[in-house]
Amino acid sequence: MPKLYRLHRAALYAAVFGTTVAVVSTASAEEIIIGAATAQTGGLAPYDQPALAGLRMALDELNAKGGLAGKYTVKLIIKDTRSDTAQTATVAQELIDAGAKIMITPCDADPSISAGQLTQPLGIPTLTLCGSAPVLTAAVGDVMFGTYPADNVQATAVADFAVAEGKKKVFLLTSPDSTYTANLPEYFGKVFEKKGGAVVGRGTFTMGQPDFSAEITNIKSLADQPDLIMTAAYEPDFPAFIQQLRGAGVTIPVYGADAIGTPTIKGLGKLVDGVVYTAAGYAEPGSKLEAFNAAFAKYAGHAPESTYEVNGYEIGLILDQAVKTAGSDDPKAIRDAIAGLKDFDGITGKITYAGTDRMPLRPVALMRYEGGEGKHIQTMIPDAADVPAP
Amino acid sequence: MLSVEALKIRYGEVEAVRRVDLAVDSGEIIALVGANGAGKSSTLGAIAGLVPAVSGKVVFDGVDITGLAPEAIARKGVSLVPEGRRIFAGLTVADNLRLGGAMHLPATEARAREEEMLELFPILRRYHRVKGGNLSGGEQQMLAIARALMGKPRMVLLDEPSLGLAPQLIDTVFDLIAELRRNGLTILLVEQNVALALEIADRAIVLANGEVVLSGTAKELATSDLVRQAYLGA
Amino acid sequence: MIAQQIINAVSLGGVYALLALGLAIVFSIVGLINFAHGELMTLSGYALLAALVFGLPFPAAVLVAVSCGALAAVAMERVAFRPMRGASVTSLLLTSFAVSSLLKVVFQNGISARPQAVAMPSWMTGAFSFGDFTIGVGPSISIVVSALALIALELFLRRTVTGTAMRAAAEDFNVVRLMGIPASRIIATAFLLSGLLAGLAAMLWVAQRASVDPLMGFTPVLKAFIAAVVGGLGSLPGAVAGGFLLGIIEVLLQATLPAAVAPYRDAIVLSGVIAVLLVRPQGLIPAVRVQRS
Numbered sequence: 001m002p003k004l005y006r007l008h009r010a011a012l013y014a015a016v017f018g019t020t021v022a023v024v025s026t027a028s029a030e031e032i033i034i035g036a037a038t039a040q041t042g043g044l045a046p047y048d049q050p051a052l053a054g055l056r057m058a059l060d061e062l063n064a065k066g067g068l069a070g071k072y073t074v075k076l077i078i079k080d081t082r083s084d085t086a087q088t089a090t091v092a093q094e095l096i097d098a099g100a101k102i103m104i105t106p107c108d109a110d111p112s113i114s115a116g117q118l119t120q121p122l123g124i125p126t127l128t129l130c131g132s133a134p135v136l137t138a139a140v141g142d143v144m145f146g147t148y149p150a151d152n153v154q155a156t157a158v159a160d161f162a163v164a165e166g167k168k169k170v171f172l173l174t175s176p177d178s179t180y181t182a183n184l185p186e187y188f189g190k191v192f193e194k195k196g197g198a199v200v201g202r203g204t205f206t207m208g209q210p211d212f213s214a215e216i217t218n219i220k221s222l223a224d225q226p227d228l229i230m231t232a233a234y235e236p237d238f239p240a241f242i243q244q245l246r247g248a249g250v251t252i253p254v255y256g257a258d259a260i261g262t263p264t265i266k267g268l269g270k271l272v273d274g275v276v277y278t279a280a281g282y283a284e285p286g287s288k289l290e291a292f293n294a295a296f297a298k299y300a301g302h303a304p305e306s307t308y309e310v311n312g313y314e315i316g317l318i319l320d321q322a323v324k325t326a327g328s329d330d331p332k333a334i335r336d337a338i339a340g341l342k343d344f345d346g347i348t349g350k351i352t353y354a355g356t357d358r359m360p361l362r363p364v365a366l367m368r369y370e371g372g373e374g375k376h377i378q379t380m381i382p383d384a385a386d387v388p389a390p
Numbered sequence: 001m002l003s004v005e006a007l008k009i010r011y012g013e014v015e016a017v018r019r020v021d022l023a024v025d026s027g028e029i030i031a032l033v034g035a036n037g038a039g040k041s042s043t044l045g046a047i048a049g050l051v052p053a054v055s056g057k058v059v060f061d062g063v064d065i066t067g068l069a070p071e072a073i074a075r076k077g078v079s080l081v082p083e084g085r086r087i088f089a090g091l092t093v094a095d096n097l098r099l100g101g102a103m104h105l106p107a108t109e110a111r112a113r114e115e116e117m118l119e120l121f122p123i124l125r126r127y128h129r130v131k132g133g134n135l136s137g138g139e140q141q142m143l144a145i146a147r148a149l150m151g152k153p154r155m156v157l158l159d160e161p162s163l164g165l166a167p168q169l170i171d172t173v174f175d176l177i178a179e180l181r182r183n184g185l186t187i188l189l190v191e192q193n194v195a196l197a198l199e200i201a202d203r204a205i206v207l208a209n210g211e212v213v214l215s216g217t218a219k220e221l222a223t224s225d226l227v228r229q230a231y232l233g234a
Numbered sequence: 001m002i003a004q005q006i007i008n009a010v011s012l013g014g015v016y017a018l019l020a021l022g023l024a025i026v027f028s029i030v031g032l033i034n035f036a037h038g039e040l041m042t043l044s045g046y047a048l049l050a051a052l053v054f055g056l057p058f059p060a061a062v063l064v065a066v067s068c069g070a071l072a073a074v075a076m077e078r079v080a081f082r083p084m085r086g087a088s089v090t091s092l093l094l095t096s097f098a099v100s101s102l103l104k105v106v107f108q109n110g111i112s113a114r115p116q117a118v119a120m121p122s123w124m125t126g127a128f129s130f131g132d133f134t135i136g137v138g139p140s141i142s143i144v145v146s147a148l149a150l151i152a153l154e155l156f157l158r159r160t161v162t163g164t165a166m167r168a169a170a171e172d173f174n175v176v177r178l179m180g181i182p183a184s185r186i187i188a189t190a191f192l193l194s195g196l197l198a199g200l201a202a203m204l205w206v207a208q209r210a211s212v213d214p215l216m217g218f219t220p221v222l223k224a225f226i227a228a229v230v231g232g233l234g235s236l237p238g239a240v241a242g243g244f245l246l247g248i249i250e251v252l253l254q255a256t257l258p259a260a261v262a263p264y265r266d267a268i269v270l271s272g273v274i275a276v277l278l279v280r281p282q283g284l285i286p287a288v289r290v291q292r293s
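Protein chains in written order, with my numbering: chain A, 1 to 390; chain B, 1 to 234; chain C, 1 to 293.
Bear in mind the hints are in silico, worked out from the structure with no lab data behind them.
Computed footprint of chain C on chain B; a stretch qualifies when at least three of its residues, placed anywhere within it, have a C-beta under 8 Å from a C-beta of chain C:
1. 62-76
2. 97-111
Derived DEER-like restraints, expressed as beta-carbon distance ranges:
3. C/Ser129 <-> A/Lys288: 44 to 52 Å
4. A/Ile377 <-> C/Leu102: 40 to 48 Å
5. C/Ala60 <-> A/Lys220: 28 to 36 Å
6. A/Arg202 <-> C/Phe156: 41 to 49 Å
7. C/Tyr264 <-> B/Gly12: 45 to 53 Å
8. A/Ala139 <-> C/Thr90: 40 to 48 Å
9. C/Pro237 <-> B/Val63: 38 to 46 Å
10. B/Thr108 <-> C/Leu278: 48 to 56 Å
11. C/Val79 <-> B/Thr108: 35 to 43 Å
12. C/Val279 <-> A/Gly141: 47 to 55 Å
13. A/Arg202 <-> C/Arg185: 53 to 61 Å
14. C/Leu102 <-> A/Ala384: 47 to 55 Å
15. C/Val53 <-> A/Gln378: 30 to 38 Å
Sample of chain B residues with no beta-carbon within 10 Å of chain C, all distances over it, derived:
16. Leu22
17. Glu28
18. Val59
19. Thr223
Each residue gets a CB set at the ideal place from its N, CA and C atoms; glycine is no exception.
Use the sequences and the hints to build the structure in full.
Pasting the structure below:
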């Protein structure tokens with residue numbers, strides 16, 4: 001997941017201070033503390049909260065069966081980062097002091113890196129809830145794991161699909177304001193060019209910018225008209241861009257990635273018809289994901305908003321498997337076990353860390369908005385050889 | 001008509017007015033004279049509601065108006081022509097006049113009143129559509145007085161009308177003040193030019209260091225030794 | 001293409017002009033730079049959303065939303081700024097920051113941190129064509145609405161007593177009171193007008209972004225502030241000139257800067273602002289004002 005807003009905005013929030021919630025605290029000889037330094041307030045909250053809800057559900061279920069690997073009861077300590085990078089480091093330190101052996105970090109690269117810098121020297125395995133920048137794990141070191149399909153993996157999936165559809169010429173719209181918005185379209189461009197497509201133009205925007213008219217006029221006046229616009233813009237930029245693009249009479253299809261798979265974008269209705277985006281999975285009838293969605297609705301009292309919930313749930317499963325493999329609650333052993341996971345059966349499909357840069361290889365669901373609904377196109381695991389380097 | 005009792009004004013630590021008592025009867029011109037900083041303008045400001053009084057009382061027509069907002073006092077019929085004229089430089093002469101009458105008269109009456117003012121001040125008719133800021137000092141003074149008269153006030157407070165004007169213009173302004181008085185207007189005049197003030201006033205009050213040091217008819221004061229030595233340079 | 005970029009520039013400049021005017025009107029009367037002006041926009045945006053959700057037809061919803069902005073501005077003055085009347089410019093500024101932050105948190109906790117989609121009627125995403133030249137309905141509406149609002153405001157300020165009194169109050173508030181014109185009426189009208197302008201600007205803004213979120217007022221109020229300063233703080237013609245200038249510069253830079261330099265656009269715009277202020281410290285069209293005692 002992308003970086004949300006600029007940090008100084010996050011500072012405006014500061015509404016709720018760190019809260020601590022112990023999910024289950026049955027008496028147990030062996031207890032393992034998982035620290036969650038996540039955003040309960042601020043711009044990242046809409047992404048962290050669903051993911052965290054999924055994780056809590058998994059841990060509750062596991063604890064009911066005795067805990068991770070059936071013997072380590074999980075004590076989950078949650079502290080609010082207020083969507084602030086510095087605050088994330090502060091609460092991560094508090095969680096380490098409280099004895100956390102596993103760390104969960106927000107859906108964004110910057111705060112995850114700041115927490116990772118504390119956990120790396122201690123060897124505490126650290127998992128971002130849905131941070132998807134592939135540079136994230138290398139920036140920290142061997143304790144840092146991504147869990148969501150990485151930006152370059154998502155981009156490859158979308159590019160594969162665009163090429164298969166017969167698209168030839170793409171315009172890339174990026175913003176240098178975040179890793180996600182800057183790099184994802186460029187990953188797309190690399191794959192697209194390698195497979196015979198051409199990048200006919202590039203444009204940039206500032207996050208939070210209201211006016212895309214100049215960029216749109218530039219697109220309209222390209223001598224070589226693109227048949228596709230690729231962007232990683234999300235809220236509130238994506239709605240503004242597409243509103244003004246269509247308002248200027250441009251009908252070229254626009255593709256994006258996971259960050260536009262939200263109720264807000266879906267709420268735009270006809271405006272986003274034909275927009276392709278990605279998700280961590282799709283609940284086909286009879287699928288494990290469909291069962292999960294039903295179980296989650298029962299657990300939380302509302303249906304999942306997105307696939308961030310299931311991704312959070314899968315983190316719980318991954319941790320359970322890793323502790324099983326490690327056979328202990330030693331952080332280093334758990335880390336090694338996660339790094340060695342291969343074809344692990346998750347809810348959305350097979351998840352593999354072995355042989356990767358700790359950004360998992362896992363299925364990407366391609367979705368398309370039609371008539372105010374997200375329609376599933378296909379689910380695929382891109383060929384590792386096609387995925388561009390971070 | 002107007003009485004001021006034991007008025008005291010302070011700006012922070014500085015006591016601008018220690019104690020001023022005065023009374024103005026209907027149809028009179030009272031001159032408030034004294035050196036710079038004697039507390040004359042502060043006294044007018046307090047009467048008009050612009051300056052808060054620490055203590056004391058201002059009564060107009062038997063009604064205590066102490067501490068009322070300037071707009072409320074204005075609507076009771078007391079109109080201040082402030083020091084330095086303070087006409088609206090960005091507004092035309094017409095608009096300046098219009099604002100003067102807006103709250104006091106219905107629209108038709110206001111137009112008639114404006115016509116009267118233009119009769120009284122022909123120069124303003126000439127510059128009717130000109131911005132106030134483009135008028136000369138004397139013309140601006142005329143405008144300021146006309147603006148204050150637009151609302152048909154029962155009493156006018158004139159603060160230093162001669163300030164910064166050429167001598168012949170000063171005469172024009174004072175002739176005008178005399179004429180207003182003949183028409184029955186009650187006037188409280190603050191003036192640094194003591195000789196001029198005593199010429200036109202019925203009675204006068206001398207302020208020094210925020211206190212009344214002398215009061216009497218204009219004639220009495222003009223012949224008093226104190227006034228002659230301190231203010232008339234004789 | 002040049003013609004289209006000019007239309008883009010005028011359209012954006014018009015919105016900035018409306019916002020800058022809203023700030024300038026209040027500043028000219030009470031010396032307050034109201035940073036909560038952006039939250040008036042946000043509020044109007046949510047009001048539009050609510051009205052549409054309740055099933056009001058689009059024009060009625062817009063009317064409701066703009067009125068909400070205006071009433072909220074008056075209420076804001078009553079509750080937050082009236083007790084501070086006569087306070088220093090910095091105290092007033094801090095008060096407005098406090099109001100702004102408070103409203104943001106209220107929107108975030110009371111509604112949602114996440115942007116809410118506002119489905120604009122489909123005709124707004126259409127475009128007119130003249131030969132090979134197309135103008136979007138969105139920018140056209142934006143230009144027309146801004147122009148009408150500016151004309152209406154000008155007529156109000158020139159032709160009505162209250163409008164004239166407001167121009168006078170911008171010069172010398174106390175003397176206006178000496179004319180018997182109540183201070184509260186002038187101040188309330190200033191906030192009402194600024195709220196109306198914020199509401200209108202919010203409609204144009206939301207029409208461009210198709211969503212409302214708790215922070216949507218932040219960027220526009222910043223731009224409006226820049227425009228108002230460039231134009232001459234407290235000067236109404238200055239605010240309009242500053243708004244258009246800012247819009248034009250932004251669009252032209254975005255259109256012409258090479259991709260490598262494009263991220264520096266805002267920095268270049270602000271450098272330009274500083275340059276203008278070095279040459280004309282009081283802004284393009286300085287405000288006429290006497291020293292208030």
